[in-house]
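*Asks:* What follows is each chain in one-letter form.
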Amino acid sequence: DAEITQSPRHKITETGRQVTLACHQTWNHNNMFWYRQDLGHGLRLIHYSYGVQDTNKGEVSDGYSVSRSNTEDLPLTLESAASSQTSVYFCASSVIAGPNTDTQYFGPGTRLTVL
Amino acid sequence: AQKITQTQPGMFVQEKEAVTLDCTYDTSDQSYGLFWYKQPSSGEMIFLIYQGSYDEQNATEGRYSLNFQKARKSANLVISASQLGDSAMYFCAMREPVYLTPQGGSEKLVFGKGTKLTVNP
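If you're matching them up, the sequences are chains A and X in order.
Residue 79 in our numbering is what sits at position 45 of the first sequence, and the numbering runs on without skipping anything.
Residue 50 in our numbering is what sits at position 48 of the second sequence, and the numbering runs on without skipping anything.
Keep in mind the hints are simulated off the structure, nothing from the lab.
Predicted model, so just to flag it, every value in this text is computed and none were measured.
Incorrect hints may appear among the rest.
Pair by pair, the computed Cβ-Cβ distance ranges are [stated by the list, open to error]:
1) ASN90/A to ASN122/X: 41 to 49 Å
2) PRO42/X to LEU149/A: 46 to 54 Å
3) VAL122/A to PRO11/X: 14 to 22 Å
4) ASP57/X to ASN90/A: 25 to 33 Å
Pulled a few chain X residues facing chain A out of the computed Cβ check, cut under 7 Å [what the hints assert, rightly or not]:
5) GLY45
6) GLU46
7) PHE49
8) PHE113
Every residue, glycine too, gets a C-beta built ideally from N, C-alpha and C.
When you get a sec, could you build the whole thing from the sequences and use the hints?
*Replies:* And the structure:
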């Protein structure tokens, strides 16, 4: 079955280290998204991509970067991890194929702790 | 700018009763979509229901229905016959207007802060 996976599911790192969170989907969706979820803020968009070689900044992009070299993967990199980036990170994907077919489907999430 | 407001941080309901979770939105766009997602304690985000701004009828999916009142800019989720497994966080989200890109179509979601629903036995 097609799916969207994230790895690792849990990560503890130290301030200043570079961290990369993986997102892989097998639906062949063009659109992919990264969100972070924090108490009191719901989900906030970090970066998104509408296709290979396309990346865009979201609401809270500072300190994060993404690259899209193929349809299936959108890795999220924290260049120099900060304690403020301790959060749960969700990847999502979607495709526009007509009315009522643009639903975003989410991965299981990655819990990142920056010490 | 778009905004989603969920005014109920927490809600309680008795098993087998119906419950309404409120969501209001603010947009100047004519074309938009509204979504509800469920997040159980295990953490995954589960799509529940979708309503398009031009849809004339309220969306329904099993025990879930969306009470769409366009003039009031509200998109409340109604869960009928609540079950213990419905206990979870519920998020309302709005999609920006879809526009075409070289790769196809595009959209972004803006989420509310969520409502925690507790179903009591």
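*Asks:* Would you mind marking each hint as holding or not holding in the structure?
*Replies:* Each hint tested on the structure:
no. : hint                            : in the structure
1   : ASN90/A to ASN122/X: 41 to 49 Å : 44 Å, holds
2   : PRO42/X to LEU149/A: 46 to 54 Å : 28 Å, violated
3   : VAL122/A to PRO11/X: 14 to 22 Å : 19 Å, holds
4   : ASP57/X to ASN90/A: 25 to 33 Å  : 28 Å, holds
5   : GLY45                           : 5 Å, holds
6   : GLU46                           : 5 Å, holds
7   : PHE49                           : 5 Å, holds
8   : PHE113                          : 4 Å, holds
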